[in-house]
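K.L.:
Sequence:
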Amino acid sequence: MQVTLKEIAARTGLSISVVSRALNPMPDKNARVSEKTRALVMAAASELQFRPNRAAQSLKRGKSPALGIFLPEYSNRLIADMVIGMSEIASAEGVPLSFHFGLTPASYEDFFRQVRAEAHSGLITYPYAWFKDDVLASKISDYHRRGGAVLMLNTQEAVPGIPIVSIDDRMGGELAAQHLLSRGCEAFLSFPRFSLRTEAFTAVLRGAGYSPQIFESPEDIAPACQCLRKKKKRKIGIFATTDRDALKLIPILRRDAWTLAHDAFLVGYDDLCLSDVCDPPLTTIHQPFREEGRIAIRKLLRLLEGQKEESAMLKPSLIVRQTT
1 MQVTLKEIAA RTGLSISVVS RALNPMPDKN ARVSEKTRAL VMAAASELQF
51 RPNRAAQSLK RGKSPALGIF LPEYSNRLIA DMVIGMSEIA SAEGVPLSFH
101 FGLTPASYED FFRQVRAEAH SGLITYPYAW FKDDVLASKI SDYHRRGGAV
151 LMLNTQEAVP GIPIVSIDDR MGGELAAQHL LSRGCEAFLS FPRFSLRTEA
201 FTAVLRGAGY SPQIFESPED IAPACQCLRK KKKRKIGIFA TTDRDALKLI
251 PILRRDAWTL AHDAFLVGYD DLCLSDVCDP PLTTIHQPFR EEGRIAIRKL
301 LRLLEGQKEE SAMLKPSLIV RQTT
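Note that the working numbering has the sequence shown beginning at 1, numbered continuously upward.
Because the hints were derived from the structure by calculation, they are not lab data.
On a predicted model such as this, the values are computed, not experimentally measured, just so you know.
Check each hint, because a few of them may be wrong.
Stated by the list, open to error - With a Cα cut of at most 27 Å, we get these calculated BS3-like pairs of lysine-lysine: (1) 248 x 232; (2) 308 x 139; (3) 248 x 235.
All chains, please: the whole structure from these sequences, using the hints.
P.N.:
Next up, the structure:
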């Protein structure tokens with residue numbers, strides 16, 4: 001049963017109006033209470049397991065209670081995990097979510113038009129690769145300057161004052177390189193080029209005395225492997241910077257008589273649904289998108305309460321299967 005302000009007032013001996021002001025994260029300057037009173041009210045609210053009616057608070061401020069969320073339009077496990085994680089926390093906190101999906105600057109423009117029309121309480125935006133567009137970046141900056149709570153996901157393009165929740169791509173590339181080294185590989189290939197993942201993979205191997213070759217497609221890997229075979233390289237380590245590309249490579253390697261986890265060692269990235277049921281199951285780098293979604297909603301809700309939030313970077317993990 002929902003705990004009411006009246007019950008908190010009875011517990012503290014204060015009036016309902018004082019309790020209401022104490023619980024308001026952003027009170028008017030003439031409606032503030034002392035820190036002692038606020039602490040008393042917050043302690044009672046915690047004991048009674050009080051949950052604020054965020055929808056009512058938003059409507060009182062003339063805002064929609066829904067949080068606007070823009071995500072890339074990918075029908076894969078990563079986006080599904082993120083949506084589930086966000087929904088778990090939003091449901092527990094009684095906050096509705098308004099999801100928008102797209103992959104183009106035009107879809108992002110549409111998102112912001114809808115945001116203005118619906119007056120969302122706050123935004124979470126995963127702007128994808130084209131965020132370097134200054135016009136699009138300025139929309140987030142303008143919204144933030146006007147007092148809007150904003151949180152960004154998985155971008156290297158920082159906007160002053162806006163926290164970012166991301167997953168450490170550099171660490172993922174390092175994990176792949178270290179794992180292939182541990183398998184005794186003598187030569188290394190990677191594809192396609194993927195910014196921090198590729199850079200980190202290359203840096204680890206160069207530090208170990210190797211010069212990895214970087215390609216753009218699985219079709220480029222086959223002749224490179226044959227060349228290494230002629231040079232008597234017995235174990236070749238291959239890092240595909242996405243699982244989709246790794247899965248395309250497996251039949252090519254099999255066609256050319258390579259045996260995975262024997263003379264060719266393949267690591268993917270993302271831990272998509274098919275990676276554990278393909279033949280053979282794919283060693284890959286897992287990205288904790290579900291936890292990222294949970295953290296993003298928690299942080300945005302704290303921003304809406306007037307708190308300051310720092311950026312957060314989550315760690316990926318290595319999932320070892322039968323391709324290494």
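K.L.:
Now look at each hint and say whether the structure bears it out.
P.N.:
Do the hints match the structure? See the list:
About 25 Å separates the Cα atoms of residue 248 and residue 232, which keeps this hinted pair within 27 Å; it holds. Distance restraint check for residue 308 and residue 139: the Cα-Cα separation of roughly 21 Å lies within the 27 Å cut-off, and the hinted pair is therefore satisfied. Restraint check: the Cα-Cα separation between residue 248 and residue 235 comes to about 20 Å, which is no more than 27 Å; the hinted pair holds.
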